[in-house]
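J.: Take the given structure of chain P and dock chain A to it, following the hints.
Number of protein chains: 2
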Amino acid sequence: MSRIVGILGGMGPMSTVDLMRKVTEKTPVTKEQEHLRILVDSRPQIPDRTAAILGTGPSPAPMLQESARLLERWGAEIIAIPCNSAHAFLDDVREAVSIQVLDMLGLVGQELSRSFPEGSPVGLLATTGTGEARTYHGRIPDFKLLTPSPQDQEDRVMGAIYQVKLEDRVEEPRRKLLEAAASLDPAPVALIAGCTEVELALAGADSPVPVLLPMDLLASEIVAQAWDE
Amino acid sequence: MSRIVGILGGMGPMSTVDLMRKVTEKTPVTKEQEHLRILVDSRPQIPDRTAAILGTGPSPAPMLQESARLLERWGAEIIAIPCNSAHAFLDDVREAVSIQVLDMLGLVGQELSRSFPEGSPVGLLATTGTGEARTYHGRIPDFKLLTPSPQDQEDRVMGAIYQVKLEDRVEEPRRKLLEAAASLDPAPVALIAGCTEVELALAGADSPVPVLLPMDLLASEIVAQAWDE
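So the sequence lines, in the order shown, correspond to chains P and A. For the first sequence, my numbering gives the first residue as 1, with consecutive numbering after it. For the second sequence, my numbering gives the first residue as 230, with consecutive numbering after it.
Okay, chain P solo, but in the shape it has when bound (with noise of 0.2 Å):
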């Protein structure tokens, strides 16, 4: 019997869209009714992880532990939460709940040790907080995360991330990202698409190294978790 899902959503509205989008394409159903049941609080009010995370705004997680209980009550058996700054305040959201709360960054993590040797150098291009809380540092401590200069960073990346939360585009905001990974040295085997709006402008880009999705794993992990034939 297939679990109830819950996305603690919202971090921005597009992700939580895009997640539902990849676990419905990832259930191999032969008939509707065998989808899986997904209960979603896409809650935009949550405050920007970055800017917590910095120290320059309210912490989010009251609200993230909020809305983790509301999805219990409601009946979530398994809970996914798609922003990967948001995983910094992961623990928050385990303690507020007695279900299953997935790991997006685990995910990245054992899926480099699946290809790649320990050590190596991996591109991180994320949120500045992402990067300043070292919330990927801390879950992934076999390679050594590579992040942009503070320019690039705040310039490419964070240029980037705000143009697809905002205005819905990605060509523009794919070329910031690439340029920032090719200044990265030394040069990485492979880039981690460390925010949610980072992988929905590099999904099918053309780059040199492998860009994992911490999203599309994520929604393999749901159907993998949560499915039953």
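Keep in mind the hints are simulated off the structure, nothing from the lab. Keep in mind that the hints are not guaranteed to be accurate.
As the list claims (entries may be wrong) - Here are the simulated EDC-like pairs of lysine to aspartate or glutamate, each with C-alpha atoms no more than 20 Å apart in a straight line:
(1) A/K260 with P/E167
(2) P/K144 with P/D185
(3) P/K31 with A/D277
(4) P/K31 with A/D384
(5) A/K260 with P/D185
(6) P/K31 with A/E396
T.: For chain A alone, coordinates are given in the frame of chain P:
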């Protein structure tokens, strides 16, 4: 202050994803936190609406009512149902809750009245259930609704719908749907993409007459009714 939107969905799951995407795109935010909070019950287990209307399957009404009540209890202040066939059970849903439930089909009627003289022939490309239940006919009494021949309805329209639902394809379904429309007599002044899968297939299609997109109208109505700057 914006209102919390509830989406009673999963019929099919891609239609729900598409409505959420459209609402997000149509909301004129200047920052992420201004987007609408959306609570979703994407519940593909809701029994097939067409089968119920044709008397060959169980009624979806009890599950529709249950999910509507859940959404209301969770805090939704307005409910939208991204499924044309489910509108045959709109009165049941409205009975179950005290909050506003939008009428996607009524929006189509309003749009037709704005653009065409009363009594004009309009092609309805929808599920057999929607046609048989005369769901659109009841809500749009001022126009002459034309449906394809039983053979076209079965092979081309329902064939196209199940291809979109199960195979996530749009090109072959689009061809089939436009062929079915071309056989209507008298020639319609407009087409109603009266099933969310038909809408996915026909959005942006090169049709000789205007195609009304109910879900697009619904998304605009959600923003108009729920969003506050």
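J.: State for each hint whether it applies.
T.: Right, here's what the structure says about each hint:
For the proposed pair A/K260 and P/E167, the alpha carbon gap of about 10 Å is at most 20 Å, so the pair holds. Between P/K144 and P/D185, the direct Cα distance comes to roughly 11 Å. Compliance with the 20 Å bound is thereby established for this hinted pair. Between P/K31 and A/D277 the CA atoms are separated by roughly 10 Å; this keeps the pair inside 20 Å, and the hint holds. Taking the CA atoms of P/K31 and A/D384, the gap is near 18 Å; set against the 20 Å cutoff, the hint holds.
The straight-line distance between the Cα atoms of A/K260 and P/D185 is roughly 33 Å, outside the 20 Å bound, and the hint therefore fails. At roughly 10 Å between alpha-carbon atoms, P/K31 and A/E396 fall within 20 Å of each other, so this suggested pair holds.
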